[in-house]
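Engineer: Okay, here's what each chain looks like letter by letter:
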Amino acid sequence: MIFPKIKVLKSHGWQYIPDLNAVELTDEFRGRPVLTSTEDMSDVEAAAKMCPTKAITAAPFSLDMGRCLFCGECAIRAPKNIRFTNDYKIGSTSREALMVTPQCEAIDFHPELVREQIPALFGRALKLRQVSAGGDASVEMELNATGNVNFDFGRYGVEFVASPRHADGVVITGPISGNMAEALDICYNSVPDPKLVIVCGSEACSGGLFADSKAVDRRFMERYNVDLWLPGAPTHPMTFIDGVMNMLKLKTR
Amino acid sequence: MIYHITDNRASAVALKDIPEVDYAAIYNDLKERLCDEHYHVAHYFATPESSRLKFYIVLLDDKEQRVMLTSFAMEYYEEVALPSLTAIHPALHVFEREIAELYNVEFDSMPWNKPLRFPFNRRNRNSTMDNYPFYSIDGDSLHEVNVGPIHAGIIEPGAFRFVCNGENVLHLEIALGYQHRGVEHEFTSTDNRLRQTLLAEGIAGDSAVSHATAYAATIEKLCGKSADSNLWVERTVALELERMAMHIADTGALSMDVAYQLGQVASEALRTMTINTTQAWCGNRFGKGLIRPCGSNKPLTAEKAAMIRENVSEIRHRYSEVVDDIKSSPTLLSRFEQCGIVPKAEMQRIGGVGMAARASGVKRDIRLSHPYAAYGSQIEHNSIRQSDGDVMSRLMMRCSEVLQSADYIEQLLASYKPTEISRPDYEAALAPESLAFSLLEGWRGEICHVAITDAEGKIATYKVKDPSLHNWLALAIAVRSEGISDFPICNKSFNLSYCGHDL
Numbered sequence: 001m002i003f004p005k006i007k008v009l010k011s012h013g014w015q016y017i018p019d020l021n022a023v024e025l026t027d028e029f030r031g032r033p034v035l036t037s038t039e040d041m042s043d044v045e046a047a048a049k050m051c052p053t054k055a056i057t058a059a060p061f062s063l064d065m066g067r068c069l070f071c072g073e074c075a076i077r078a079p080k081n082i083r084f085t086n087d088y089k090i091g092s093t094s095r096e097a098l099m100v101t102p103q104c105e106a107i108d109f110h111p112e113l114v115r116e117q118i119p120a121l122f123g124r125a126l127k128l129r130q131v132s133a134g135g136d137a138s139v140e141m142e143l144n145a146t147g148n149v150n151f152d153f154g155r156y157g158v159e160f161v162a163s164p165r166h167a168d169g170v171v172i173t174g175p176i177s178g179n180m181a182e183a184l185d186i187c188y189n190s191v192p193d194p195k196l197v198i199v200c201g202s203e204a205c206s207g208g209l210f211a212d213s214k215a216v217d218r219r220f221m222e223r224y225n226v227d228l229w230l231p232g233a234p235t236h237p238m239t240f241i242d243g244v245m246n247m248l249k250l251k252t253r
Numbered sequence: 001m002i003y004h005i006t007d008n009r010a011s012a013v014a015l016k017d018i019p020e021v022d023y024a025a026i027y028n029d030l031k032e033r034l035c036d037e038h039y040h041v042a043h044y045f046a047t048p049e050s051s052r053l054k055f056y057i058v059l060l061d062d063k064e065q066r067v068m069l070t071s072f073a074m075e076y077y078e079e080v081a082l083p084s085l086t087a088i089h090p091a092l093h094v095f096e097r098e099i100a101e102l103y104n105v106e107f108d109s110m111p112w113n114k115p116l117r118f119p120f121n122r123r124n125r126n127s128t129m130d131n132y133p134f135y136s137i138d139g140d141s142l143h144e145v146n147v148g149p150i151h152a153g154i155i156e157p158g159a160f161r162f163v164c165n166g167e168n169v170l171h172l173e174i175a176l177g178y179q180h181r182g183v184e185h186e187f188t189s190t191d192n193r194l195r196q197t198l199l200a201e202g203i204a205g206d207s208a209v210s211h212a213t214a215y216a217a218t219i220e221k222l223c224g225k226s227a228d229s230n231l232w233v234e235r236t237v238a239l240e241l242e243r244m245a246m247h248i249a250d251t252g253a254l255s256m257d258v259a260y261q262l263g264q265v266a267s268e269a270l271r272t273m274t275i276n277t278t279q280a281w282c283g284n285r286f287g288k289g290l291i292r293p294c295g296s297n298k299p300l301t302a303e304k305a306a307m308i309r310e311n312v313s314e315i316r317h318r319y320s321e322v323v324d325d326i327k328s329s330p331t332l333l334s335r336f337e338q339c340g341i342v343p344k345a346e347m348q349r350i351g352g353v354g355m356a357a358r359a360s361g362v363k364r365d366i367r368l369s370h371p372y373a374a375y376g377s378q379i380e381h382n383s384i385r386q387s388d389g390d391v392m393s394r395l396m397m398r399c400s401e402v403l404q405s406a407d408y409i410e411q412l413l414a415s416y417k418p419t420e421i422s423r424p425d426y427e428a429a430l431a432p433e434s435l436a437f438s439l440l441e442g443w444r445g446e447i448c449h450v451a452i453t454d455a456e457g458k459i460a461t462y463k464v465k466d467p468s469l470h471n472w473l474a475l476a477i478a479v480r481s482e483g484i485s486d487f488p489i490c491n492k493s494f495n496l497s498y499c500g501h502d503l
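Top to bottom, those sequences are chains A and B. Just so we're aligned, residue 1 is where the first sequence starts under the numbering used here, counting upward by one. Just so we're aligned, residue 1 is where the second sequence starts under the numbering used here, counting upward by one.
Read the hints as simulated data drawn from the structure, not as lab findings. Heads up, the beta-carbon is just placed ideally off N, CA and C, and yes, glycines get one too. You may find that some hints are simply not true.
[What the hints assert, rightly or not] Pairwise CB distance ranges (calculated): (1) D185/A x N165/B: 47 to 57 Å; (2) L121/A x A345/B: 33 to 43 Å; (3) E96/A x S328/B: 49 to 59 Å; (4) F3/A x P111/B: 26 to 36 Å; (5) A211/A x S229/B: 48 to 58 Å; (6) Y224/A x A345/B: 49 to 59 Å; (7) A22/A x Q378/B: 53 to 63 Å.
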């Protein structure tokens, strides 16, 4: 029947975010941390001790977003030194750039590190094959959300495809479980050249809580080059969108 | 009496109070007792204890709200075969398979001793994902279809092997373990309770609130600091928000798979609104950071409670319009109805839990049978059930539970008076040589966490059970004799967790 459909349509209204560059997240959102050194660093030392993924070092003072799970407990333990902002623009082409220091006012994307052929070949259409290797389904759901009715990242030609043969690159989520290591390798090798690798989520960037687990096998990271590092637990859809748009030179942070 | 009787709200139990009996006594008791549908086993696991292997069983009496604990032991290297309970009650297959895989315990006359998840600490290292022999059927007119471990979408990995006769599925075998990260082992390899909390949140990201609540409740029982009633109200609101978000997401996913785009996009938008409500409360769309042992960092303020009530009311209104549209669309009903049926008796036999079990008419709902949080106190829970056990029933379960959750949230927050909520406590000493468990009804179903402490009060064993552990077999049964093209909607109607199963 048509009437119930009209009702749904009317209530649904217009959900599309017209300008993805103008998105601001709620103040509660924990994105890029801001660090402040103080004379007494004992709170930072305590925070570093409790940090579940050893993302914080007190001397020299730094916080590695590639390890951080954004639980925010350090900001509660050391409120004078650590604060989380709602800045979701935290992806980078450089793993080192995820290391936040007291001088850091924004995450440097390092556009100069993007291989020239990436924006040239994929700037108008980028098809990605996602591989979950021990991901907890939250990053996966956020990647699904990038294509939904709200974010509609497909408007820039960025989409996820079913076959690696149709893909231009692989998006890895999860710490890379040993039982998935071979499948991930096969998938990567099935993507035709030239191709790129995006690691999505702090667990994929560093192994997260499972960095030392015997069930995890991260040799993939030693063998292949990573083009884009996207921290988060899970990575917010806007972090993914911002990172990929920068990589494709569709925007500069 | 071979059981120690307790309940879901009681505190931790000293290990010495849990009877250690002969396996024969347990076998004989469970053989009879489990024929009564009011009883089911929530957990059954083994753990090394000095030179012995100690087995614990958490048995639930759904009628009397009782939790019954018992145990037995054997020498670590003792080579005796235990008569298999799975042979009589197939619901126990996951537990016996896990014990066999980890400790090489032999279960006599067990119908199918299939590896459960190929964990890194399995006894037989020669048994791997790659050399696993799938069940096969010979026949000139049959063919096999292999799907996975990587699927055609942004979804977790698992391997599905179909044996098909033409377009019809004769048999589906599901092999899991690809997501194994060593979660239970990580719980015991650290004393950092914040780290353990985050591990709990990551057991299954779509059930972060449920698993974190199960962990927090387990720890609170062990340290004897029961959370105050306002904190339990907040947790109940968070749990019901999670249930709403995931049921709405699955309504959208089912809509997508039958090309019902209107329902898909409307549900996507409503899920976004639900998880953004959670984000506005705690800073994370999945509720990570919200649930902490003994307190909260994100207590509900009057403003946030008002924001949640307003959003939930709108979501409820718009979602009910989607439900009306589904019910009045014959093209959708013809896809969903009489597809992927799991009859009640079958669901009962394999030990199905949660909303999938209730869709088949099985009474299984921890909120009702073993109340916790605000259930059974502030909320008089009415457990929704369907009877047909098909895709439509599972969809209707979701539709009804979303509206029910919205009502519960409204009911709880309408009378909510914010008070001072304590801060989380990551240091409180745990009772030594004790066992604590926590049972709760996540959106998928029954979650059970069990912790055992050693003489110093450190967690020596931590066991996690996600409802998916039981329900994967239900999916395999649902697709039998269906067209293989109906597999996606059967799969989405369950939406089971891979990482929650593989741990």
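Engineer: For every hint, state whether the structure bears it out.
Structural biologist: Do the hints match the structure? See the list:
1. D185/A x N165/B: 47 to 57 Å: The hinted range 47 to 57 Å is violated for D185/A and N165/B, with Cβ atoms some 34 Å apart.
2. L121/A x A345/B: 33 to 43 Å: violated (57 Å)
3. E96/A x S328/B: 49 to 59 Å: holds (57 Å)
4. F3/A x P111/B: 26 to 36 Å: Given about 53 Å between the Cβ atoms, the range is violated.
5. A211/A x S229/B: 48 to 58 Å: violated (39 Å)
6. Y224/A x A345/B: 49 to 59 Å: holds (51 Å)
7. A22/A x Q378/B: 53 to 63 Å: Hint violated: Cβ distance 42 Å, outside 53 to 63 Å.
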